[in-house]
Every structure is written in C-alpha cells, then in structure tokens.
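Trainee: Read off the chains here:
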Amino acid sequence: NAGVTQTPKFQVLKTGQSMTLQCAQDMNHNSMYWYRQDPGMGLRLIYYSASEGTTDKGEVPNGYNVSRLNKREFSLRLESAAPSQTSVYFCASSEQGSDQPQHFGDGTRLSIL
Amino acid sequence: GDSVTQMEGPVTLSEEAFLTINCTYTATGYPSLFWYVQYPGEGLQLLLKATKADDKGSNKGFEATYRKETTSFHLEKGSVQVSDSAVYFCALSNHRDDKIIFGKGTRLHILP
Chain C
1 NAGVTQTPKF QVLKTGQSMT LQCAQDMNHN SMYWYRQDPG MGLRLIYYSA SEGTTDKGEV
61 PNGYNVSRLN KREFSLRLES AAPSQTSVYF CASSEQGSDQ PQHFGDGTRL SIL
Chain S
1 GDSVTQMEGP VTLSEEAFLT INCTYTATGY PSLFWYVQYP GEGLQLLLKA TKADDKGSNK
61 GFEATYRKET TSFHLEKGSV QVSDSAVYFC ALSNHRDDKI IFGKGTRLHI LP
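Protein chains in written order, with this note's numbering: chain C, 1 to 113; chain S, 1 to 112.
The hints are simulated quantities; they were obtained by calculation from the structure and are not laboratory data.
Some clues are possibly wrong.
To be verified - The list that follows gives simulated cross-link-like pairs (lysine-lysine, DSS-like), each with its CA atoms no further than 25 Å apart:
no.: 1; chain 1: S; residue 1: 68; chain 2: S; residue 2: 99
no.: 2; chain 1: S; residue 1: 104; chain 2: S; residue 2: 77
no.: 3; chain 1: C; residue 1: 71; chain 2: C; residue 2: 14
no.: 4; chain 1: S; residue 1: 52; chain 2: S; residue 2: 104
no.: 5; chain 1: S; residue 1: 99; chain 2: C; residue 2: 57
no.: 6; chain 1: S; residue 1: 68; chain 2: S; residue 2: 104
no.: 7; chain 1: C; residue 1: 9; chain 2: S; residue 2: 104
no.: 8; chain 1: C; residue 1: 57; chain 2: S; residue 2: 104
no.: 9; chain 1: S; residue 1: 60; chain 2: S; residue 2: 77
no.: 10; chain 1: S; residue 1: 99; chain 2: C; residue 2: 71
no.: 11; chain 1: S; residue 1: 56; chain 2: S; residue 2: 99
no.: 12; chain 1: C; residue 1: 57; chain 2: C; residue 2: 71
Here the structure is a predicted model, which means the values were calculated and not measured.
Whole structure, please, built from the sequences with the hints as guidance.
Mentor: Given below as structure tokens:
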C-alpha cells in the first residue's frame, strides 16, 4: 500500500543545475500538490493540480514548473537551481472536496550549493 | 486573507503530562479545520478534523473542538507519551478550492 511515492529522497545540486522531482500516487486521487517546508515557515504551496491537465500557482511558484503527466504523476522541475531553493519538498494528493485529507509522501531533501 | 496561527515551540513535557497546543484562525465563512502530525523523517498525516462549529475531532487520544466564537481549534491530550514527540500543524480549508492553509507547526518533545 504505497500511497504517495516521491523520488529521490535526497539530492545535492550546484547552483544553475536543473532537476525534476517525481511524485506518484496510487489512490486514484484527482488533486495533487507540491509544497516546500522551511524552518519556521511551515508548509508553503508551490503548485497545485485539481485534475489531469490542469495546474495552478500556489503561494511560492517562482523558479519552479510542474507537469501533471497523468492522473497518477505530478512532477516538479527546477530549471536553474538557486541556494534559496534548498528545502524539503513534499508532494501530496487528495480526493476532490475541501473536507478531504491530504496524503503526503515522505519528502525530498534538496540542497543547492 | 485566510490564516492560521499556532503557538510557537518547542514544547517540552514529561510523559503523562497534559498537553494543549493553541491554534486560532482567521477566515471568512465556515472553514473546515484540521490537525496534522509529522513524525521525524516522514510526511504529514491527518490526525483529526472538524467541519462545523462545536464539532469535536478525536483520534489516538487527541481531541480538538471547533470554537466559532473564539475562532480556535486547540489540540489537547490528557496523558502524552514519548511516541507523541513530533511536529503538529493546525490547518484550515475554506471550501473555495481544495487547498489547505497550514500554520507554521509546533514541535513537541516528550521526556521519559
């Protein structure tokens, strides 16, 4: 019973490099999310997808792009990594409906040197 | 805009102590309220929720009551255990979309 799977778990990049964080869910959820978690800042929404083929900006979208490849997968891309993007990134999914709980992956710890 | 404010941590208690983590919110209308818990090295998971005023959510010995008059949703547990050590997040959803607004989290340490 995998739930939400994120890869990789850890990554170190140099400034200016690009990479894609992968997320997949096996719960047939329509809604998927990308957050970043920084000390003292809680969770901040980067991008959101209400369904396959749709994406919306969250609170902190600058420097990121997303792709909802299909219903299961939602990827986050850093085109040119910056030290300010050092963070722990979480993917989540939920059924549609504001009362529905979000299910989180275990996170990707990303360091930009 | 909508927001959630929760007490800053860390909170350190001895095992079997009573726990309260305060949470207040600002929102229009009647939001749904949640508490999530994050154990070390893991993602967040839903602890409990309440969807209307005076509702009480409960799970694993934790409780929180939706107080519309004080715009609060304080988390309580009568007797904490070392295994309750984690970060706790208060959150709300205002029914405009499927987004959830999280507080900044409160780190809880329970000493044996």
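Trainee: Given the proposed pairing of residue 57 of chain C with residue 104 of chain S, does the C-alpha separation stay at or below 25 Å?
Mentor: It holds: about 20 Å lies between the C-alpha atoms, which stays within 25 Å.
Trainee: Hint check: residue 57 of chain C vs residue 71 of chain C, CA-CA at most 25 Å. Holds or violated?
Mentor: Between residue 57 of chain C and residue 71 of chain C the Cα gap is close to 18 Å, so the pair holds against 25 Å.
Trainee: Check whether the Cα positions of residue 9 of chain C and residue 104 of chain S lie no farther apart than 25 Å.
Mentor: holds, 23 Å
Trainee: Verify the proposed pairing of residue 68 of chain S with residue 104 of chain S, using a straight-line Cα cut of 25 Å.
Mentor: With Cα atoms ~21 Å apart, residue 68 of chain S and residue 104 of chain S stay inside 25 Å; holds.
Trainee: Has the given pair, residue 68 of chain S with residue 99 of chain S, been kept, meaning a C-alpha gap of at most 25 Å?
Mentor: Holds, at roughly 21 Å.
Trainee: Just to be careful, I want the Cα atoms of residue 99 of chain S and residue 57 of chain C compared with a cutoff of 25 Å; is the pair within it?
Mentor: Given that 25 Å is the threshold and the Cα spacing comes to 11 Å, the pair holds.
Trainee: Is residue 99 of chain S close enough to residue 71 of chain C, meaning Cα to Cα at most 25 Å?
Mentor: holds, 18 Å
Trainee: Starting from residue 60 of chain S, check that the Cα of residue 77 of chain S is at most 25 Å away, please.
Mentor: The given pair, whose Cα atoms are some 9 Å apart, holds under the 25 Å limit.
Trainee: Assess, step by step, whether the Cα of residue 52 of chain S is no farther than 25 Å from the Cα of residue 104 of chain S, and give holds or violated.
Mentor: holds, 23 Å
Trainee: Under the criterion that the straight-line Cα-Cα distance not exceed 25 Å, is the pair residue 71 of chain C, residue 14 of chain C satisfied?
Mentor: Not OK: residue 71 of chain C and residue 14 of chain C at ~32 Å, beyond 25 Å, violated.
Trainee: Going straight from one Cα to the other, do residue 104 of chain S and residue 77 of chain S come out at no more than 25 Å?
Mentor: Since the Cα atoms of residue 104 of chain S and residue 77 of chain S sit roughly 20 Å apart, the hinted pair holds (cutoff 25 Å).
Trainee: Compare the distance between the alpha carbons of residue 56 of chain S and residue 99 of chain S with 25 Å, and conclude whether the hinted pair is satisfied.
Mentor: holds, 22 Å
Violated hints amount to a single one, hint 3; each of the other numbered hints is respected by the structure.
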